[in-house]
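Trainee: Residues per chain are reported as follows:
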Amino acid sequence: MKRIDTFKVIIYLILSVMCLAMVFPLIPLIFASFKDHQEFYDSQPLSPPHNWFNFHNFYLAWTQGDLVRGFLNTGILLAISLVGTIMVGTMTAYAIDRFDFKGKKLVVWAFLLAALVPGVTTQVATFQIINRLNLYDTRWAAILLYTGTDIISIYIFLQFMQSIPRALDESARIDGAGHFTIYFRIILPLLRPAIATVIIIKGIAYYNDFYTPFLYMPDPSLGTVSTSLYRFIGPFSANWEVICAATLLVIVPTIVVFLTLQKFIYKGLSAGAVK
Amino acid sequence: MLKERYKRQVTPWLYLVLPLGLLGLLTYLPVANMFWYSTTNWDGIDPHKQYVGLANYAKIAQNPDILHALFNSIYYFGGAVVQIGLALFVATVLSYGFKGTNFFKGFLVFPFLLNSVAVVLIFRYLFQGPGIASHAGGMDYLLQHLGLGRFVTQWLGNPHIVNFSLAGVSVWRYIGFNIVLFLGAIQSINPELFEAAALDRANRWHQFRYIILPGIRRITALSLILAISGSIAVFEVPYIMLGGANGSSTFVIETVRIAFAENRVGYASALAVILLGIVLIVTFIQRNIFKDEQVDLV
Numbered sequence: 001m002k003r004i005d006t007f008k009v010i011i012y013l014i015l016s017v018m019c020l021a022m023v024f025p026l027i028p029l030i031f032a033s034f035k036d037h038q039e040f041y042d043s044q045p046l047s048p049p050h051n052w053f054n055f056h057n058f059y060l061a062w063t064q065g066d067l068v069r070g071f072l073n074t075g076i077l078l079a080i081s082l083v084g085t086i087m088v089g090t091m092t093a094y095a096i097d098r099f100d101f102k103g104k105k106l107v108v109w110a111f112l113l114a115a116l117v118p119g120v121t122t123q124v125a126t127f128q129i130i131n132r133l134n135l136y137d138t139r140w141a142a143i144l145l146y147t148g149t150d151i152i153s154i155y156i157f158l159q160f161m162q163s164i165p166r167a168l169d170e171s172a173r174i175d176g177a178g179h180f181t182i183y184f185r186i187i188l189p190l191l192r193p194a195i196a197t198v199i200i201i202k203g204i205a206y207y208n209d210f211y212t213p214f215l216y217m218p219d220p221s222l223g224t225v226s227t228s229l230y231r232f233i234g235p236f237s238a239n240w241e242v243i244c245a246a247t248l249l250v251i252v253p254t255i256v257v258f259l260t261l262q263k264f265i266y267k268g269l270s271a272g273a274v275k
Numbered sequence: 001m002l003k004e005r006y007k008r009q010v011t012p013w014l015y016l017v018l019p020l021g022l023l024g025l026l027t028y029l030p031v032a033n034m035f036w037y038s039t040t041n042w043d044g045i046d047p048h049k050q051y052v053g054l055a056n057y058a059k060i061a062q063n064p065d066i067l068h069a070l071f072n073s074i075y076y077f078g079g080a081v082v083q084i085g086l087a088l089f090v091a092t093v094l095s096y097g098f099k100g101t102n103f104f105k106g107f108l109v110f111p112f113l114l115n116s117v118a119v120v121l122i123f124r125y126l127f128q129g130p131g132i133a134s135h136a137g138g139m140d141y142l143l144q145h146l147g148l149g150r151f152v153t154q155w156l157g158n159p160h161i162v163n164f165s166l167a168g169v170s171v172w173r174y175i176g177f178n179i180v181l182f183l184g185a186i187q188s189i190n191p192e193l194f195e196a197a198a199l200d201r202a203n204r205w206h207q208f209r210y211i212i213l214p215g216i217r218r219i220t221a222l223s224l225i226l227a228i229s230g231s232i233a234v235f236e237v238p239y240i241m242l243g244g245a246n247g248s249s250t251f252v253i254e255t256v257r258i259a260f261a262e263n264r265v266g267y268a269s270a271l272a273v274i275l276l277g278i279v280l281i282v283t284f285i286q287r288n289i290f291k292d293e294q295v296d297l298v
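So the protein lines, in turn, are chains A and B.
Letter 264 of the first sequence, counting from 1, is numbered 264 in this note's numbering, and no numbers are missing.
Letter 120 of the second sequence, counting from 1, is numbered 120 in this note's numbering, and no numbers are missing.
Chain A on its own, in the form it takes in the complex (with noise of 0.2 Å):
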């Protein structure tokens, strides 16, 4: 006979109530996202739709408010930023990790000093500089921003690089190979899973960015994922089961890309987060 463990029992049953409340703002929106207009409101918020296969709000979602666009936009500014971060990063990392040279030192501290100023504090100055350099109301502004701030990448190629053993850039350098041949070979090839890292991390971070596309791409035509559902509120504001709908759609692949990367996102966060 197997005692009934009363300690666990009260675990689950905690651990259950409180994944009920994780999950219960989420039902009204999903329940309203495949109701029609009529049935939206003369129903109320908790109760299930008639048809869980009337797709007709994500259809108006995704064909009238631009959400194609921002995906689309996101996509750009996702793909280009990350080339950028991962090619910024790597060098930096292979500069500080596999040199010895003058400077070091206070190049080191540049970048720890950085990491301590967060970026929503110094935008009305940021603003400027974009300003100045004409790139205010174009992608560039996002991929600059993307590209030239982020410290957590550069923390975590230099601890992964750490661990690449040395003796294999300098055996590389005996049978003649320069020293962007040992990068471009030896080290980048090595530091994939630390690139994958940075790539979950930076990725979800950028998909879910607001205020720099808000404050920089103000024209509805480079509206990212962020933006693009910002600006369904004031038009869709009579017809909220489209807002549910859309809200859904930006939802849904980040909760995909969850479930199938689960445990390295697990990782980088805790990678990302002891800087």
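Read the hints as simulated data drawn from the structure, not as lab findings.
Accuracy of the hints is not assured; some may be wrong.
[Claimed, not checked] Straight-line distance between alpha carbons at most 25 Å, and here's what the computed BS3-like set of lysine-lysine pairs gives:
id, chain 1, residue 1, chain 2, residue 2
1, B, Lys-7, A, Lys-104
2, B, Lys-3, A, Lys-104
3, B, Lys-59, B, Lys-49
4, B, Lys-7, A, Lys-105
5, A, Lys-267, B, Lys-99
6, B, Lys-3, A, Lys-105
7, B, Lys-3, A, Lys-102
8, B, Lys-7, A, Lys-102
9, A, Lys-8, B, Lys-99
10, A, Lys-263, B, Lys-99
With chain A's structure known, arrange chain B on it following the hints.
Mentor: The following block gives chain B in isolation, referenced to the frame of chain A:
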């Protein structure tokens, strides 16, 4: 030989030119300019920037809107304390490795990854439905179903309630991050300690009190300290939700409004300098705790 050594000195700079250039252009130059602008009454356009000394800073202390916004951080800090407490509990429980607990972990962590505009819309609809008087939100219906109808309120419309609601959203969103951090810290505790405790017939409370808690003390302190700067720098959720209306404004919302809607770049810069100052002080305290612990370990 000499040439080789010379090359080793120069090569790294080839790799650092671009990163350092961007760092200077997008981090250090703005910080320096911010200090400069904060002593002028510049509007962001005028080619001439008139020096006004510390007048902008003097104005901040007399602006009740800003003091109110600063006061609002207390709600978020309170939320953060609750969040850290809950996360501590969940992480401890998850670390026992009971069957199926990973499943629970997923539910608690996913909100952290969601788009901030989506988070706002989820809660706007939950709190006030489609925004018509005759249609309540899901929150009110839930309370009624649970027999708690007397707690139904204007979650976002009542200035006495709105900051509690927003702090609640913040707890919902960020608790998963703390859980992941704490769980990582617990799992890096030497397993021999737990084995020794089991031999000594220590109960779960003792395990928590004498092994887990000391093992994650540093990361808990770190989280609490980060919560201070985090709650002062709150921006996106209250801004997207209400534009800072109904008494929900925060320090950063005020700064953004003054800079970008009122074009008072000088004044906004003074605010930003103050914010940066607070964040830096808090971070230096955090770094010192970090250092002490490392000394302890040796």
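Trainee: The structure should be examined with respect to each hint, and the outcome stated for every one.
Mentor: Structure-based check of each hint:
no.	hint	result
1	B:Lys-7 x A:Lys-104	15 Å, holds
2	B:Lys-3 x A:Lys-104	20 Å, holds
3	B:Lys-59 x B:Lys-49	18 Å, holds
4	B:Lys-7 x A:Lys-105	19 Å, holds
5	A:Lys-267 x B:Lys-99	21 Å, holds
6	B:Lys-3 x A:Lys-105	23 Å, holds
7	B:Lys-3 x A:Lys-102	16 Å, holds
8	B:Lys-7 x A:Lys-102	12 Å, holds
9	A:Lys-8 x B:Lys-99	10 Å, holds
10	A:Lys-263 x B:Lys-99	17 Å, holds
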